[in-house]
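Protein chains: 2
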Amino acid sequence: MTSVINVNLPEQSYEIAIAPSSLDQLGQQMASLKLGKKVLLVSNPTIFKHFGERAIASLTSAGFEVASCTLPPGERYKTLNSIQKIYDIALENRLERSATMVALGGGVIGDMTGFAAATWLRGINVVQVPTTLLAMVDSAIGGKTGVNHPHGKNLIGAFHQPRLVLIDPEVLKTLPMREFRAGMAEVIKYGVIWDAELFAQLEASKRLDQLRYVKPDLITYILTRSCQAKADVVSKDEKEGGLRAILNYGHTIGHAVESLTGYRLVNHGEAVAIGMVAAGQIAVELGMWQKEDTERQNALIQKTGLPTQLPSGVDIEAIIDALQLDKKVKAGKVRFVLPTEIGVVTITDEVPSDIIRQVLRGM
Amino acid sequence: MTSVINVNLPEQSYEIAIAPSSLDQLGQQMASLKLGKKVLLVSNPTIFKHFGERAIASLTSAGFEVASCTLPPGERYKTLNSIQKIYDIALENRLERSATMVALGGGVIGDMTGFAAATWLRGINVVQVPTTLLAMVDSAIGGKTGVNHPHGKNLIGAFHQPRLVLIDPEVLKTLPMREFRAGMAEVIKYGVIWDAELFAQLEASKRLDQLRYVKPDLITYILTRSCQAKADVVSKDEKEGGLRAILNYGHTIGHAVESLTGYRLVNHGEAVAIGMVAAGQIAVELGMWQKEDTERQNALIQKTGLPTQLPSGVDIEAIIDALQLDKKVKAGKVRFVLPTEIGVVTITDEVPSDIIRQVLRGM
Ligand SMILES: NC(=O)c1ccc[n+]([C@@H]2O[C@H](COP(=O)([O-])OP(=O)(O)OC[C@H]3O[C@@H](n4cnc5c(N)ncnc54)[C@H](O)[C@@H]3O)[C@@H](O)[C@H]2O)c1
Ligand SMILES: NC(=O)c1ccc[n+]([C@@H]2O[C@H](COP(=O)([O-])OP(=O)(O)OC[C@H]3O[C@@H](n4cnc5c(N)ncnc54)[C@H](O)[C@@H]3O)[C@@H](O)[C@H]2O)c1
Ligand SMILES: [Zn+2]
Ligand SMILES: [Zn+2]
Chain A
1 MTSVINVNLP EQSYEIAIAP SSLDQLGQQM ASLKLGKKVL LVSNPTIFKH
51 FGERAIASLT SAGFEVASCT LPPGERYKTL NSIQKIYDIA LENRLERSAT
101 MVALGGGVIG DMTGFAAATW LRGINVVQVP TTLLAMVDSA IGGKTGVNHP
151 HGKNLIGAFH QPRLVLIDPE VLKTLPMREF RAGMAEVIKY GVIWDAELFA
201 QLEASKRLDQ LRYVKPDLIT YILTRSCQAK ADVVSKDEKE GGLRAILNYG
251 HTIGHAVESL TGYRLVNHGE AVAIGMVAAG QIAVELGMWQ KEDTERQNAL
301 IQKTGLPTQL PSGVDIEAII DALQLDKKVK AGKVRFVLPT EIGVVTITDE
351 VPSDIIRQVL RGM
Chain B
1 MTSVINVNLP EQSYEIAIAP SSLDQLGQQM ASLKLGKKVL LVSNPTIFKH
51 FGERAIASLT SAGFEVASCT LPPGERYKTL NSIQKIYDIA LENRLERSAT
101 MVALGGGVIG DMTGFAAATW LRGINVVQVP TTLLAMVDSA IGGKTGVNHP
151 HGKNLIGAFH QPRLVLIDPE VLKTLPMREF RAGMAEVIKY GVIWDAELFA
201 QLEASKRLDQ LRYVKPDLIT YILTRSCQAK ADVVSKDEKE GGLRAILNYG
251 HTIGHAVESL TGYRLVNHGE AVAIGMVAAG QIAVELGMWQ KEDTERQNAL
301 IQKTGLPTQL PSGVDIEAII DALQLDKKVK AGKVRFVLPT EIGVVTITDE
351 VPSDIIRQVL RGM
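One line per chain: the protein sequences are A and B, in this order. All letters in the first sequence, in the order written, are residues 1 to 363 by the UniProt record's numbering. All letters in the second sequence, in the order written, are residues 1 to 363 by the UniProt record's numbering.
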């Protein structure tokens, strides 16, 4: 099973191509885009060890001249210093305007490569080859790129759309379980906010965290529906005017939990899972969502092996305070994305803090 | 005399407002743009000493909250390190998406502030308040922003259009003579490539390098026509597809001379002046331009106190070699912008190197 999603944007459109073993078609797919000959492949040593050679072989046999650059793994290295390393190698290899940077990796590599491409010679081509589930269904699509400031996440960046997103579901086989689950949190999110059919399909499936080994067609289906959801939302709102905000479902309380646990104890996907449970319950308390639907959501989260409870030791008042610092706060009002039925959400900044408190106490 | 030029771009349009003493209207002008309250003013210590207080007073009295940041002066500091300093101060002052960075300075400050604004939170507002003639008629308009890589000029950057360009011709009174003349080279360029009337007006004026002290209306006229020329060209070609190339008139050989003299002996404007003399003569040799028109151009350059001859010691073969390294080379062919009449140029990559050699030997 293979599928193609067209992302239509006013300035430039691109394809998200999803197919098992497509990593070996990378060069061929890029050749059809009339890019220049030079390619800089950016990755990290772990990912490069798994997939670097195949990517380079495919690019080379399609006639590209390939240089590569590996950066140390981890969010800690998502910095301007790493970008400078990319620039240095771009210069050494005389990357011109027509050249292309290819991001082979998770969201960290994707965000950095996208930013380097956005700012090298005022913008060259970038192709995203995401290797984590999160990168496939979320970070590789939508054009947000960037790095962290020592004192804040993703403060430095640019919008820069890829020329192609190439997804090979088979690369997920080497992904650690916990990373896979983290990506599933975003998949479930798309089910709740946008795609009731995806939600139902997930409900009907067993062993959600084993899919990538045993169900190639199902995983391709899940990737396709999730990418379609993100693409639908971002092409209706390329630069964060309004609709994009619904992608933050589960992220309001999620971000607070992530930062209060030092981005270590709980990873992003786990925090989003907890955030979705909280947001769902808030919607129920406000009479906006049916209790049965929350329970369906929570069952799905549980079946994936994601947490549905606050980690012990996290102080509820600290969460309430942290919400106030969130980027999504406007004029002191915390903005929540809340479901009204499966597949439909609404945005409100009218959630009384007592309700938030009460819901968190119940978790 | 005051004037306003509208730059119309598909995504966002903006005004270039030119008026003596307008520095004191900065806050008021910005207030009409519905920007957020926070402003970060970026400058260098020299310029800040002259104009910083007035800019801040105007902004403050219009209701803005102003923080400021000064960076060491000079092209040498047009680096990612300086950008990082801007980010740090942006963070300290919690600059949000609605905030604005204001560049108060020459092209170096303008390019850096524009780039920091392009990449802070994936793009916030920038207002350009150019204080050199070159920045007024050239670098503040068109949206090119960026910094140098240790091994190459302007390799890192982004396109980011300003929300307003505010030009107060009176700030030119403190500008060193040599810097003023350098800007005049670009003004003469606009006369030759785009605006025969501007050219004639310059011809009719005496003491071109003293204008800013004695002829406020004439300087405003010159600024207006020059900005209009650049705005016309860039709004027809926002991101360097074709027409923008004509702005490189005089820059092909100019860049070679600049780099061969180590960016010191000859400054950018002087190099462009030499480049225009050379390009004009090449056009004459090719039978494209009349001898009398070249002479008119050269007389204007001379009257401004700009050089019309190659600096002694520069090797002609070294210039020919350097041309091959220029960004404007496509498939080994050097691209020249050549005049066909005053106010009209054409682009060609069919100039035999023997003609280039012969023209340079004659200078
Ligand atoms: N741009 C956006 O719109 C957007 C959206 C969401 C998240 N993000 C960013 O994405 C980042 C998180 O991305 P992530 O979750 O992919 O983390 P990640 O990129 O750090 O990857 C997680 C880990 O998995 C390893 N890995 C990746 N692919 C592998 C594979 N196929 N096999 C074995 N190991 C593999 C990596 O080396 C890394 O150690 C964050 O920096 C976040 O800010 C960006
Ligand atoms: N973005 C573009 O489209 C574009 C176009 C052309 C040039 N540029 C860039 O512009 C830069 C050159 O700009 P520049 O020529 O304005 O040089 P600059 O910014 O270095 O300024 C020249 C000198 O004049 C001083 N100065 C500035 N205004 C003054 C004033 N009113 N009174 C007294 N001193 C003053 C500065 O401190 C500096 O020492 C280069 O980096 C070049 O790459 C950019
Ligand atoms: Zn997320
Ligand atoms: Zn110039």
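There may be inaccurate statements among the hints.
[Unchecked claim] Using 25 angstroms as the maximum straight-line C-alpha spacing, the simulated DSS-like pairs for lysine-lysine come out as follows:
1. A:LYS38 with B:LYS153
2. B:LYS38 with A:LYS34
3. A:LYS153 with B:LYS38
4. B:LYS173 with B:LYS303
5. A:LYS85 with A:LYS37
Calculated directly from the structure, the hints in this document are not laboratory data.
The hints, checked one at a time:
With a C-alpha separation of about 21 angstroms, the suggested pair LYS38 (chain A) and LYS153 (chain B) falls inside the 25 angstroms cut-off, and the hint holds. Distance restraint check for LYS38 (chain B) and LYS34 (chain A): the Cα-Cα separation of roughly 43 angstroms exceeds the 25 angstroms cut-off, and the hinted pair is therefore not satisfied. Proximity of LYS153 (chain A) to LYS38 (chain B) is assessed by CA-CA distance (about 21 angstroms); at most 25 angstroms being required, the pair is judged to hold. Restraint check for LYS173 (chain B) and LYS303 (chain B): the C-alpha separation of about 19 angstroms stays at or below 25 angstroms, so the hint holds.
Our distance criterion of 25 angstroms between C-alpha atoms is met by LYS85 (chain A) and LYS37 (chain A), whose separation comes to about 21 angstroms.
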